[in-house]
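K.L.:
With the hints as your guide, set chain F onto chain H.
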Amino acid sequence: MDHSPVVDIKNLTKRYGEFTALDDLTMHVDSGQILGFIGPNGAGKTTTIKILVGMSLPTSGTAKIAGIDCSSGASQIKRLVGYMPDRFGSYDNMRVTEYLDFFAAAYGIPYRQRKQRIEEVLETTSAQYMRDRYVESLSHGMQQRIGIARVLIHDPKVLILDEPANGLDPQARIEMRELLLKLAASGKTLIVTSHILPELARICSTVAIITGGKLRAFGTLDQVMHSLCPKRTFEVQLADRADCGKCHAFLESMGNGLEDLQSSQAEGVVRFSSQKDEQSLGEILREMIGAGLSVTQFREVPSDLEDAFLSVAKPAGATA
Amino acid sequence: MNWLDNPVMRREWRERVRSWKFLAAFLTVGGLAALVVLLRWPSIASLGNTATAGDLGGASGSGVTAAVLSQGTMDVFRPLAFGLAATIAALVPAFPATSIVRERRRGTLAMLLQSPLHPVAIYAGKWLVNVAIACALISASLPAIAATHMLGGLSFRSHVLPLLGILVLMVMVFSAVGLWISSRAQSADGALRWTYAAVLAIAVLSLIPSILWTAGSGAMPALGKWLRACSALSAIQEVLGQGASGGEGILQTSGWLGPYALASGLMIAAAAAATLWELRVQNLEKNRSAGRVTNEQSAGVQWFRRLAFLVDPKRRSSGIPPLINPVLVKEFRTRKFGRLHWLLRIVALCAIGSLGLTVITATGTVAWGAPRIVAAMVILQLALLLLFGPSLASGLIAGEMESGGWVQLCMTPLKAAKIVTGKVMSVVWTLLLILLATLPGYFAMGYIQPELKTQLIHVVASLLLSGAMILAVSACCSAFQKTTAVATASSYGILLALLAGTFLVWVARDKPFGKDFVERTLMLNPAAAALSEIRMPGFETYQLVPQAWYVSIAITLFCFLLLGFRTWQLTRPK
Chain H
1 MDHSPVVDIK NLTKRYGEFT ALDDLTMHVD SGQILGFIGP NGAGKTTTIK ILVGMSLPTS
61 GTAKIAGIDC SSGASQIKRL VGYMPDRFGS YDNMRVTEYL DFFAAAYGIP YRQRKQRIEE
121 VLETTSAQYM RDRYVESLSH GMQQRIGIAR VLIHDPKVLI LDEPANGLDP QARIEMRELL
181 LKLAASGKTL IVTSHILPEL ARICSTVAII TGGKLRAFGT LDQVMHSLCP KRTFEVQLAD
241 RADCGKCHAF LESMGNGLED LQSSQAEGVV RFSSQKDEQS LGEILREMIG AGLSVTQFRE
301 VPSDLEDAFL SVAKPAGATA
Chain F
1 MNWLDNPVMR REWRERVRSW KFLAAFLTVG GLAALVVLLR WPSIASLGNT ATAGDLGGAS
61 GSGVTAAVLS QGTMDVFRPL AFGLAATIAA LVPAFPATSI VRERRRGTLA MLLQSPLHPV
121 AIYAGKWLVN VAIACALISA SLPAIAATHM LGGLSFRSHV LPLLGILVLM VMVFSAVGLW
181 ISSRAQSADG ALRWTYAAVL AIAVLSLIPS ILWTAGSGAM PALGKWLRAC SALSAIQEVL
241 GQGASGGEGI LQTSGWLGPY ALASGLMIAA AAAATLWELR VQNLEKNRSA GRVTNEQSAG
301 VQWFRRLAFL VDPKRRSSGI PPLINPVLVK EFRTRKFGRL HWLLRIVALC AIGSLGLTVI
361 TATGTVAWGA PRIVAAMVIL QLALLLLFGP SLASGLIAGE MESGGWVQLC MTPLKAAKIV
421 TGKVMSVVWT LLLILLATLP GYFAMGYIQP ELKTQLIHVV ASLLLSGAMI LAVSACCSAF
481 QKTTAVATAS SYGILLALLA GTFLVWVARD KPFGKDFVER TLMLNPAAAA LSEIRMPGFE
541 TYQLVPQAWY VSIAITLFCF LLLGFRTWQL TRPK
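These protein sequences, in sequence, are chains H and F. For the first sequence, this note's numbering assigns the number 1 to the initial residue and increments by one for each residue that follows. For the second sequence, this note's numbering assigns the number 1 to the initial residue and increments by one for each residue that follows.
These are computed hints drawn from the structure, not numbers from a lab. Please note that the accuracy of each hint is not assured.
Listed below are several chain F residues computed to face chain H (Cβ distance under 10 angstroms; list not exhaustive) [as the list claims (entries may be wrong)]:
1. S158
2. V293
3. K330
Don't be surprised by glycine CBs; every beta carbon is placed ideally from N, CA and C.
One chain only, chain H, in its complex shape (with noise of 0.2 angstroms):
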């Protein structure tokens, strides 16, 4: 079985005259995966895909899919990737079959296939409903999932959504993610772009960060959170709330390693970060207990993707 993966993309570097969109992008995504393509605006995202969808030629540096170079044989590519930008690009007077039905007919579908194909896309979407209304009367959510149609429509290996939950009501989004993970288990690989992090972190086993055209963080979600958030937070809930004020003190006498003290009366519960392992934090608990505080719970407090993001995404100079 052949494990190698389906987008490759290897020391990446794009430049326009004096400025740098892509610095040395590396990174692979393997069949079935979804990437999360975070960064933001500007950060080189844009010049990403349209290298990928050979709309962009690099400056050095190769990207692949399928093991076809997307330079090279960018003829190819266009059948082996679904590309929907971030905007429509609808036609005017025409009906979502007509609108299918002539992308179908670009991608050289034969006549006999068109209707059963257009038939397919619709059901995957859950758009069969709307096969007759005008493209241009349909709603935001509605052309998105059109969009994703229409991507789909020559049965790609590679699907590549720029900002696909963008503009849409919580609805729309839950529908979207759903549609999302349905294609990535169908067999497709799917890089994603967004702005809506917390999406994002809940279709996503690939993440990649990249700002001012350099990748920051690249992995499944555990590994970015690792390693762009290293200090973990916890909290400890006491019984007692009057013993929040000893247990400020106790964890301070701790000395290093233990940072961002903070003690809330109100909530009985006093938090801290860390990068201490596992087995220390251990001992600062049994210590805890045998120092006599009244400690009903110890938790990690989860850091979320958006955390991360920020993390690398603060300008220079910035303060928390």
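P.N.:
Then chain F, alone, in the frame of chain H:
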């Protein structure tokens, strides 16, 4: 609120005046007016050997008869007046035509209508700024008009002031009509197309009934007279003292200033009222039909609709047939008038128009002579080609860029050549329809005067080449612009320079241009070749065929090559 303290007016004024395009337009109008005056400035020899340079400058008339001076002045004033009127018709409508539709598409119209500003204030702001900007452009020609006035023989009250009044009225009418169309349109290119069609109808087509029903006292001559009052042409001719222009009593003019002012006032008022009606908040969101198809309705409804439409526009359409360029089908389907039921209606209209033309040519050829009838048909067809060609072709690539569809098109495996061919052919069929509609008219003429057969074939060939050139230039402009409005305006600019500009050189034939220069210039214009072939008075001395054909073929091929290259470039990785 002080009417001058209108935020829409201030914003529009700043936006327009700050643009470099305004300065360019101002300089162009001023430069062209000066050029016309310089080209037509009477030479000492033309005024007779008795004139002196001093006489010309001061127009005091010492030794130069008033009649000669007056004729010399009119030779300068006439092309200047018509040139200014043509410039207004070409430049002014583009801006009001896109003004409201652009705001609606951006979503800023809703914000304006939700603000405390009354729709009247919004409309007045837009209309007044359009009029003011156009008046500023007209003012660029004042030095040229003043120079003409200095020649003598030109009265400020009888000539200059009425002409300026007519030009300002033209501006007011075109601005009002443009804004009304813009308030109803769904896209900027559609608004442009309809506005230029309205300008053509008001300025030129309104004259046709009065040409057809010249005499008698019935409803038709009266209607023709009223319609003719809508066009500025009769009023301008009256100011210029061209009572017999057009010849043979077709366009005799007198007493048209008052009716023109009245008709303009009515048109402005009607257009303003209609625009204000469209600017009501409840009209803001015109929901697109959800798209119920006939296939889901009862058999009776299906049967009735098939009978009524022949091709039911609401039936579920079949897929794009194999071996047909999908881009061609897409282009037709995305145009409102490209749908099959509309094409059938257009073909029917063309057939009726064609029959009408055949009758006119059959009777007219006997009464007025073939050259005049052919010239009228050539000019009419040229006007239609100029109207439809750029408005259809200018959006081919620019429209895709504007809507974001180009990226999607580039992501398909379609080659640049196939995209271009599909897009261009969608316009070719439409333009061919316009040209073919008049063929029976030419056949009728060829039947009546068989000796004209070769000339008529040459005329049709020249018109086909005109259509090809208009299409190629417009499509080429489309590939180099990012918005349809700019592409359309550029196309009109280039084509007017090529087609109307060469006629301006012809107007200045012998003064100062010699026959050779005029002939060489007219070779850029295949429509001029058609007129020379039919021996239209004024063109009979020029031999333009086949050289003019070669030139237009060369221009067309060059533009198509450029279009192909640019499209290839746009589909290539950056």
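K.L.:
Please go over all the hints and tell whether each is borne out by the structure.
P.N.:
Now for the hints, and whether the structure bears them out:
{"no.": "1", "hint": "S158", "verdict": "violated, 51 angstroms"}
{"no.": "2", "hint": "V293", "verdict": "holds, 5 angstroms"}
{"no.": "3", "hint": "K330", "verdict": "holds, 5 angstroms"}
Comparing the model with each numbered hint stated earlier shows that hint 1 is the single one that does not hold.
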